[in-house]
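Spelled out, the chains give:
There are 2 protein chains.
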Amino acid sequence: MSTHRLLLAVPIVLAGSLASPATPDLQAERAELFRQDKAWAQAAAAKDLEKTVSVWADDARVLPPGQPAVVGKEAIRRYVSEAFAVPGFSIQWETTDFVVSASGDMAYGVGTNQVTVNGPDGTPLTERGRGVTVWRKGPGGAWKCVIDTWNAEPSAPVPK
Amino acid sequence: MSTHRLLLAVPIVLAGSLASPATPDLQAERAELFRQDKAWAQAAAAKDLEKTVSVWADDARVLPPGQPAVVGKEAIRRYVSEAFAVPGFSIQWETTDFVVSASGDMAYGVGTNQVTVNGPDGTPLTERGRGVTVWRKGPGGAWKCVIDTWNAEPSAPVPK
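Taken in order, these protein sequences are the chains called Y and X.
Just so we're aligned: 86 in my numbering is position 86 of the first sequence, and the numbers increase by one with no gaps anywhere.
Just so we're aligned: 6 in my numbering is position 6 of the second sequence, and the numbers increase by one with no gaps anywhere.
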């Protein structure tokens, strides 16, 4: 009898261990991405360099329009630090949509952003864009941004 | 005895059915994405409208720099059809990197592209960019592009 119980237990344990990575709570993961992205945007708006940089993965790639790819945490730290130092710099973004893979280890976000800097005569110039981010869940369970790219929205129609 | 066999069979079947979505062949999926992307680029280079359009998902979003988002297959068909009709239009791209989620249902690609059109005086003008694509595996098992965005590479240094 105890032998039969043992035989039954083996496949049940297998089922549990194999099935668990396939059934993450995707709604909860999505909510966590929204929460984290909002905190990230707040950190960037406050020019908190370390908190801002912490959200990218060590091997993340930032692809800014018209500028070289920024690859890896240290390069990203320099890039963000220089951006924060630009006169009149401010940034806002909002991710409107997150989609999480069935395994809960990859996700992407789509949203809008706007960056303001002082123009040559000191008046603020604002550029609006659309951003796409790709996220990977790290071994510690935290989401990290691995791809971060954006481009310009269409120019505003010229007033007649 | 037959009852015990039946009891044993249930968890084994469960293990198989629950585990299978969690263990796709990620190397094979990655190779399939490279193969499909190459065929896609060839179709676009040949201006094969239907073959080119077939790779986007029905709800795909194309985000071209400085232009409105192009959302959904019909809007994408018009966008591509108009691009193919631009005098001197040609396009090339190469995805250099694909990463597939553990569940094999989501992937992203990063690569380079170049688009040539005739300039105002009829001489070809080429723009080089970096692209990011996000892919979803459809119910039929085929990969479809759901997000397609790119931006300009840095301008070439001005010759001295």
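Simulated from the structure, these hints should not be mistaken for lab results.
One or more hints might be untrue.
As the list makes no split between identical chains, a pair holds if one copy fits it or if it spans any two.
As the list claims (entries may be wrong) - Taking lysine-lysine pairs in the DSBU-like style, the calculated list, with each CA pair at most 35 Å apart, reads:
1. 73 <-> 51
2. 38 <-> 51
3. 47 <-> 73
4. 38 <-> 73
5. 47 <-> 144
6. 144 <-> 73
7. 38 <-> 144
Since this is a predicted model, take the numbers as computed values, not measurements.
Hints, verified against the model:
1. Taking the shortest Cα distances, residue 73 and residue 51 sit within 35 Å of each other inside one copy (12 Å), while across copies they are farther apart (39 Å).
2. When the C-alpha separation of residue 38 and residue 51 is checked against a cutoff of 35 Å, the pair qualifies only within one copy, where the shortest distance is 12 Å, while the shortest distance between copies is 39 Å.
3. In the homo-oligomer, the alpha carbons of residue 47 and residue 73 lie at most 35 Å apart inside one protomer (17 Å), although the nearest pairing across protomers, at 40 Å, exceeds that limit.
4. For the identical chains of this complex, residue 38 and residue 73 are neighbours both inside a copy (20 Å) and across copies (31 Å), given an alpha-carbon limit of 35 Å.
5. With identical chains, the CA atoms of residue 47 and residue 144 are at most 35 Å apart within one copy only, with a shortest distance of 19 Å there and 38 Å across copies.
6. When the C-alpha separation of residue 144 and residue 73 is checked against a cutoff of 35 Å, the pair qualifies both within a copy, at 11 Å, and between copies, at 31 Å.
7. For the identical chains of this complex, residue 38 and residue 144 are neighbours both inside a copy (14 Å) and across copies (29 Å), given an alpha-carbon limit of 35 Å.
No hint from the list above goes unmet by this structure.
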